[in-house]
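Protein chains in written order, with my numbering: chain A, 92 to 349; chain B, 67 to 337.
Simulated from the structure, these hints should not be mistaken for laboratory data. Take every hint as true, because none was put in to throw you off.
Estimated spans, in silico, between C-beta atoms of each pair:
no.	chain 1	residue 1	chain 2	residue 2	range
1	B	L289	A	E236	44 to 54 Å
2	B	P80	A	D159	50 to 60 Å
3	B	T109	A	L206	58 to 68 Å
4	B	V154	A	L202	21 to 31 Å
To spell it out: a stretch of chain B is covered by chain A in this simulated footprint if at least three of its residues, at any positions, have a beta carbon under 8 Å from a beta carbon of chain A; those stretches are:
no.	segment
5	234-245
6	248-255
7	258-271
To give an idea of the chain A side of the interface with chain B (calculated C-beta under 7 Å), a few residues:
no.	residue
8	N140
9	R166
10	N178
11	N180
12	V182
13	A193
14	I205
The C-beta atom is built at its ideal place from N, Cα and C for all residues, glycine as well.
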Amino acid sequence: MIEFKDVGLIYPNGTEGLKNINVTINDGEFVVIVGLSGAGKSTLIRSINRLVTPTSGSLSVDNENILDYRGSDLRKLRTKIGMIFQNYNLVNRTNVLKNVLAGRLGHTGTLRSILNLYKKEDIGLAYESLQRVNIGEKIYNRADELSGGQQQRVSIARVLTQQPKYILADEPVASLDPPTSHQVMTYLKKINKEHNITTIVNLHFIDMAMEYADRIIGMRAGEIVFDGPASNVTEKTFEEIYGRAIREDDLRGGAKES
Amino acid sequence: MTKQTKPEALRKTPSIYPTKTKLQITIIFFVVLGFYLFSMVWTQREMVGGFGDALGNMYTVIEKFFPPNLEVIPKVWEAMAQTIQMAVIATTLAAILTVPLALLSAQNITTFKPLYLFTRTLLNTLRTIPDLVLAVIFVGLFGVGLLPGILALFIFSLGILAKLISETIEAVDMNPLEAMRASGGNIFQVIYFGLIPQVLPQFTSFVLYVFEINIRASVVLGLVGAGGIGLVLDQQLGFYNYPNAMAIIILIFIVVIVIEFISNKLREALI
Numbered sequence: 092m093i094e095f096k097d098v099g100l101i102y103p104n105g106t107e108g109l110k111n112i113n114v115t116i117n118d119g120e121f122v123v124i125v126g127l128s129g130a131g132k133s134t135l136i137r138s139i140n141r142l143v144t145p146t147s148g149s150l151s152v153d154n155e156n157i158l159d160y161r162g163s164d165l166r167k168l169r170t171k172i173g174m175i176f177q178n179y180n181l182v183n184r185t186n187v188l189k190n191v192l193a194g195r196l197g198h199t200g201t202l203r204s205i206l207n208l209y210k211k212e213d214i215g216l217a218y219e220s221l222q223r224v225n226i227g228e229k230i231y232n233r234a235d236e237l238s239g240g241q242q243q244r245v246s247i248a249r250v251l252t253q254q255p256k257y258i259l260a261d262e263p264v265a266s267l268d269p270p271t272s273h274q275v276m277t278y279l280k281k282i283n284k285e286h287n288i289t290t291i292v293n294l295h296f297i298d299m300a301m302e303y304a305d306r307i308i309g310m311r312a313g314e315i316v317f318d319g320p321a322s323n324v325t326e327k328t329f330e331e332i333y334g335r336a337i338r339e340d341d342l343r344g345g346a347k348e349s
Numbered sequence: 067m068t069k070q071t072k073p074e075a076l077r078k079t080p081s082i083y084p085t086k087t088k089l090q091i092t093i094i095f096f097v098v099l100g101f102y103l104f105s106m107v108w109t110q111r112e113m114v115g116g117f118g119d120a121l122g123n124m125y126t127v128i129e130k131f132f133p134p135n136l137e138v139i140p141k142v143w144e145a146m147a148q149t150i151q152m153a154v155i156a157t158t159l160a161a162i163l164t165v166p167l168a169l170l171s172a173q174n175i176t177t178f179k180p181l182y183l184f185t186r187t188l189l190n191t192l193r194t195i196p197d198l199v200l201a202v203i204f205v206g207l208f209g210v211g212l213l214p215g216i217l218a219l220f221i222f223s224l225g226i227l228a229k230l231i232s233e234t235i236e237a238v239d240m241n242p243l244e245a246m247r248a249s250g251g252n253i254f255q256v257i258y259f260g261l262i263p264q265v266l267p268q269f270t271s272f273v274l275y276v277f278e279i280n281i282r283a284s285v286v287l288g289l290v291g292a293g294g295i296g297l298v299l300d301q302q303l304g305f306y307n308y309p310n311a312m313a314i315i316i317l318i319f320i321v322v323i324v325i326e327f328i329s330n331k332l333r334e335a336l337i
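Use the sequences and the hints to build the structure in full.
Written out as structure tokens, the structure reads:
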């Protein structure tokens, strides 16, 4: 369970990233956060694994306040929170298997990992994760030889290998074409249901949010302006969240491929 | 009609650069030009007769140096090998010590500013000392031989390598490092898995490049007593034994070309 209580964040340059955030995310939920760019979606998601640190309020993960975590506590927190990025964030010159094994870093000692002495079951786990996202045949390819969709699947495999309790996905489909976007979202949804991993996804495409989310949180200017089950959401709701009429480019489109 | 609109359009069309920039660039251009002209005039005054006798002297020099005494080559092999060994040892040591220094002087890795500034300044100071001066100092400290040469080359290449590599580190893609951090890796794991694969090709290439420089520099260092083939060359020149000196020069020339060829091929294969 993730609990935000009166969380605020002011960046060193004075920008207010988050304002008075109060929200609770329950275990097993698939939450989509929507909002225009600059609305604070990324800041909110990155607060949870402390890639950014809120400046006020309290934020607890599994009933422990994480805001004063440092060093090994922080690393332990991060091992149970997997993250997926817009630009995949793979090491381009390294092969797919090693990229996926990086998900085990938090569980592996420094010396062991530097000498490439991963445990056998970790390597097995990495391979299994790659097969789950249907990319098991590419293990020795360099990451930059893959297409964008394939790279994002590798990064999902990396997160799976981490065996997290939570998955954060920061605009995971913004750099992909419509069919690939649906494929990636389908994998995320499947993982959420099969492993019961709480998943929080940032999106700005409203049709995708409505299709995949259990619950939608709307943000504008650092504040939560909507929070409710996806079934309650209409285009009208989005117009309220965005503060303007819905446009063509707010939709991803593309039929769902299965 | 057209006659009336044309001047208007001309007046409204903006020039590509603002007038201020144009003025600045013009001034800088003339200052640089003036500097060139001044130094041309000045050096020619100081070098009066500099070129006049050169052609005549060339003949005398060539006559003294030729034909080279190639029989001396087997006897100087050992010194030549020492020169290469000096370069190998110095480059290897520098390549190892560069890693922590380059990391500490890269702004994106060392976020603790005082430490970063300290390492930067240390490396900058190191680089300002010419290799020849280093050799003279170390020869004074340790006496004539290989050790002062190795030390001089080591410090000299450390300065270059750490600078080049820290700049490479500053240019890497930070995104994979963020991903490693987000999955709970500690700083060593983040560097080892996120950073090293990104800089390894350039690192190897720079080390080979510095090795080439060191081979050439170690010859020069020999002249001030830092061992190797340079020392032998200096002795032969001192005895006015020009045919022997010429043979040594040819040997150095060939060895340097061969080593550069090999390391060029290696670097091409890497990048």
